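> Top line first, the protein sequences correspond to chains A and B. Its first residue numbered 1, the first sequence is counted upward by one per residue in our numbering. Its first residue numbered 1, the second sequence is counted upward by one per residue in our numbering.
Do not rely on the hints blindly, as some may be mistaken.
Here are the simulated lysine-lysine pairs, BS3-like style, with alpha carbons at most 27 Å apart [stated by the list, open to error]: (1) A:K454 <-> B:K117; (2) A:K231 <-> A:K211; (3) A:K164 <-> A:K117; (4) A:K229 <-> A:K255; (5) A:K485 <-> A:K454; (6) A:K211 <-> B:K48; (7) A:K255 <-> A:K211; (8) B:K48 <-> A:K229; (9) A:K47 <-> A:K517; (10) A:K231 <-> B:K48; (11) A:K117 <-> A:K134; (12) A:K211 <-> A:K164.
It is worth saying that the hints were derived from the structure and are not from the lab. Predicted, not measured: the structure shown is a model, and the values here were computed from it.
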Amino acid sequence: MSGVNTAGWRPSMNSTEGVATGPVTASGDRALMLEEPLIFELDGEGKWGVDIDACERPMASALAKFARKAAPALPGLTEPEVVRHYTRLSRQNYGIDLGPFPLGSCTMKHNPRLNEKMARLPGFADVHPLQPQKTVEGALEVIEQLADWLITLTGMASVAMSPKAGAHGELCGLLCIRAALDARGETRDIVLVPESAHGTNPATAAFAGFKVQTIPATPEGRVDVAALKEKLGPDVAGVMITNPNTCGLFEPELKDIADAVHAAGGYVYCDGANFNAIVGRVRPGDLGVDAMHINLHKTFSTPHGGGGPGAGPVVLSEALAPFAPLPFVTRGADGSIHLVEEENRGEGHDRAFGRMVAFHGQMGMFTRALAYILSHGADGLRQVAEDAVLNANYVLRSLDDVLEAPFGASGPCMHEALFSDAGLPEGLSTLDIAKGLIDEGFHPMTVYFPLVVKGAMLIEPTETESKQGLDRFIASMRRLAERAKAGDESLHAAPFYAPRRRLDETRAARKPVLVWKGDQTEG
Amino acid sequence: MSVYYSEDHEWIEVEGDLGTVGITDYAQGQLGDITFVDLPEEGAEVAKGDSVAVVDSVKAASDVYTPVSGVIAAINEALADEPELVNTDAEVGGWLFRVTLSNPSELEELMDEAAYKTYVEGL
Numbered sequence: 001m002s003g004v005n006t007a008g009w010r011p012s013m014n015s016t017e018g019v020a021t022g023p024v025t026a027s028g029d030r031a032l033m034l035e036e037p038l039i040f041e042l043d044g045e046g047k048w049g050v051d052i053d054a055c056e057r058p059m060a061s062a063l064a065k066f067a068r069k070a071a072p073a074l075p076g077l078t079e080p081e082v083v084r085h086y087t088r089l090s091r092q093n094y095g096i097d098l099g100p101f102p103l104g105s106c107t108m109k110h111n112p113r114l115n116e117k118m119a120r121l122p123g124f125a126d127v128h129p130l131q132p133q134k135t136v137e138g139a140l141e142v143i144e145q146l147a148d149w150l151i152t153l154t155g156m157a158s159v160a161m162s163p164k165a166g167a168h169g170e171l172c173g174l175l176c177i178r179a180a181l182d183a184r185g186e187t188r189d190i191v192l193v194p195e196s197a198h199g200t201n202p203a204t205a206a207f208a209g210f211k212v213q214t215i216p217a218t219p220e221g222r223v224d225v226a227a228l229k230e231k232l233g234p235d236v237a238g239v240m241i242t243n244p245n246t247c248g249l250f251e252p253e254l255k256d257i258a259d260a261v262h263a264a265g266g267y268v269y270c271d272g273a274n275f276n277a278i279v280g281r282v283r284p285g286d287l288g289v290d291a292m293h294i295n296l297h298k299t300f301s302t303p304h305g306g307g308g309p310g311a312g313p314v315v316l317s318e319a320l321a322p323f324a325p326l327p328f329v330t331r332g333a334d335g336s337i338h339l340v341e342e343e344n345r346g347e348g349h350d351r352a353f354g355r356m357v358a359f360h361g362q363m364g365m366f367t368r369a370l371a372y373i374l375s376h377g378a379d380g381l382r383q384v385a386e387d388a389v390l391n392a393n394y395v396l397r398s399l400d401d402v403l404e405a406p407f408g409a410s411g412p413c414m415h416e417a418l419f420s421d422a423g424l425p426e427g428l429s430t431l432d433i434a435k436g437l438i439d440e441g442f443h444p445m446t447v448y449f450p451l452v453v454k455g456a457m458l459i460e461p462t463e464t465e466s467k468q469g470l471d472r473f474i475a476s477m478r479r480l481a482e483r484a485k486a487g488d489e490s491l492h493a494a495p496f497y498a499p500r501r502r503l504d505e506t507r508a509a510r511k512p513v514l515v516w517k518g519d520q521t522e523g
Numbered sequence: 001m002s003v004y005y006s007e008d009h010e011w012i013e014v015e016g017d018l019g020t021v022g023i024t025d026y027a028q029g030q031l032g033d034i035t036f037v038d039l040p041e042e043g044a045e046v047a048k049g050d051s052v053a054v055v056d057s058v059k060a061a062s063d064v065y066t067p068v069s070g071v072i073a074a075i076n077e078a079l080a081d082e083p084e085l086v087n088t089d090a091e092v093g094g095w096l097f098r099v100t101l102s103n104p105s106e107l108e109e110l111m112d113e114a115a116y117k118t119y120v121e122g123l
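Just chain A, same shape as in the assembly (with noise of 0.2 Å):
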């Protein structure tokens, strides 16, 4: 696999300077390497996908004055031409169906096809929200399913479906918290929020309309308990916690945490996007948690990265579940299912705090993330947890001796490995080591996060990846490191391999261009 767009090779390029590959061609494709303009320079005229018969009996517009007087400034593309773009520029992209995608803190795990296979039967894929309950009583059936499972997996009282996503679902807790908090007539408006939690935490309670503390994170990358208690008192609303965190370390005083917390009056909100390194054998309920979301495209395999759509659902606690927002799927006495919404909300829900979405949420995404949790079982959802536990363990300690692991002394990680760029000589840093590891045929980690380590590195292969796939892996970190360590400058000009070379990410985010004007000089 080499000679791919070795220099990041252009067709605008003329010349072929220090690049040992080849003539250049006329189109500025390599034979499968191929180029790609944007879709607006394919404009021409006379091209269009279809063919329209003129209106016979010209009609007035319902847009009255608001209709367009001249056509859209949209390209004109034959349908192959479409299909080919889209395709072509497919080829320069990476995903899951690729190879590993080891980024930290998103769990991209390997998506099975069975759970694509019952997304798409009609009876779920092709239903309205507003139709009869009577015709969606199968898909009801999953929400409830799932619902149930999820309630059962984290040892807690009640689950919200609909929020929409990991940082939705956060939202969702804490407005029940607030909700829980008016109900006792309190106004706390302080938000705990340790160093090692997802960095979604505090710009959450931010948005939720409470202040933020920051608790300090020990040596060993955990929550500093004793700091954390030191701030409780009755303006502190409650505290989110990432667990296990970002440093890819199990916090084992989180029940301490939490005791400590409910008895200042404040509530428990963990974030439960890591919970792929735990589902199985341990439940947030018995730690103490009030709510926490469960990100259904990290732990449950739903499709994620590039637009999602993800899902959020959020179990809480006894004390929390009266607020939860509507609609609920609930099973009568006589195991007939139905949907509690506000005309009948009096059925447990009568404080609901509202609606976090207009309808039930991803439904797509219940459906695979229950075909995941079936066709695995408890007894595999368990050996998921174990197996995604003892692959970031394997990277860890394959890796430990040539790049340095920060918290490598606080015992075995989690899900996730964490490295930092504190052993590469001058001048060398994580960015370098990421865009090396492009060329070696892998999807970036995660760099620069969590914010607590120098130059992070957060590495989570998940259970999906084999030994052998591993073993690849960590050969090419292994190699990337010692070249890093030998002080090896061509690693600042890596990717060499990509469809383009080094991108100059601090032009793009000061001066971003977002709109295609036509005629734009190459740069």
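Once you've looked at the hints, dock chain B against the given chain A.
For chain B alone, coordinates are given in the frame of chain A:
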């Protein structure tokens, strides 16, 4: 005129009751290329330790805390177009905001240049 430094890597240069605040050269080096600076509003009343500005870099978004209490007297308009000034000239042209000090005694809690240098070496 004297310059003081905070443990959060802000510097403040004080002349009379007017302080000019920025982040230190060490801080910009840690952040990497700065892409955007979110500055406070002129006239805003701030208390020592408040997060009053945000510096975005290619690596992270970081809060900037005011090392003193007072009223925001001016912001560095040049940073809107040239955030890179914080990288190239952190301790002069890359200043972030000016603040009219309401409690000059707060300066006593800050470090002088020598103390800050020792502090950074210990990190």
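> Are the hints correct? Go through all of them and say.
Checked hints:
no.: 1; hint: A:K454 <-> B:K117; result: 20 Å, holds
no.: 2; hint: A:K231 <-> A:K211; result: 13 Å, holds
no.: 3; hint: A:K164 <-> A:K117; result: 22 Å, holds
no.: 4; hint: A:K229 <-> A:K255; result: 13 Å, holds
no.: 5; hint: A:K485 <-> A:K454; result: 17 Å, holds
no.: 6; hint: A:K211 <-> B:K48; result: 17 Å, holds
no.: 7; hint: A:K255 <-> A:K211; result: 24 Å, holds
no.: 8; hint: B:K48 <-> A:K229; result: 24 Å, holds
no.: 9; hint: A:K47 <-> A:K517; result: 21 Å, holds
no.: 10; hint: A:K231 <-> B:K48; result: 19 Å, holds
no.: 11; hint: A:K117 <-> A:K134; result: 24 Å, holds
no.: 12; hint: A:K211 <-> A:K164; result: 24 Å, holds
In the structure shown, no violation is registered for any of the earlier numbered hints.
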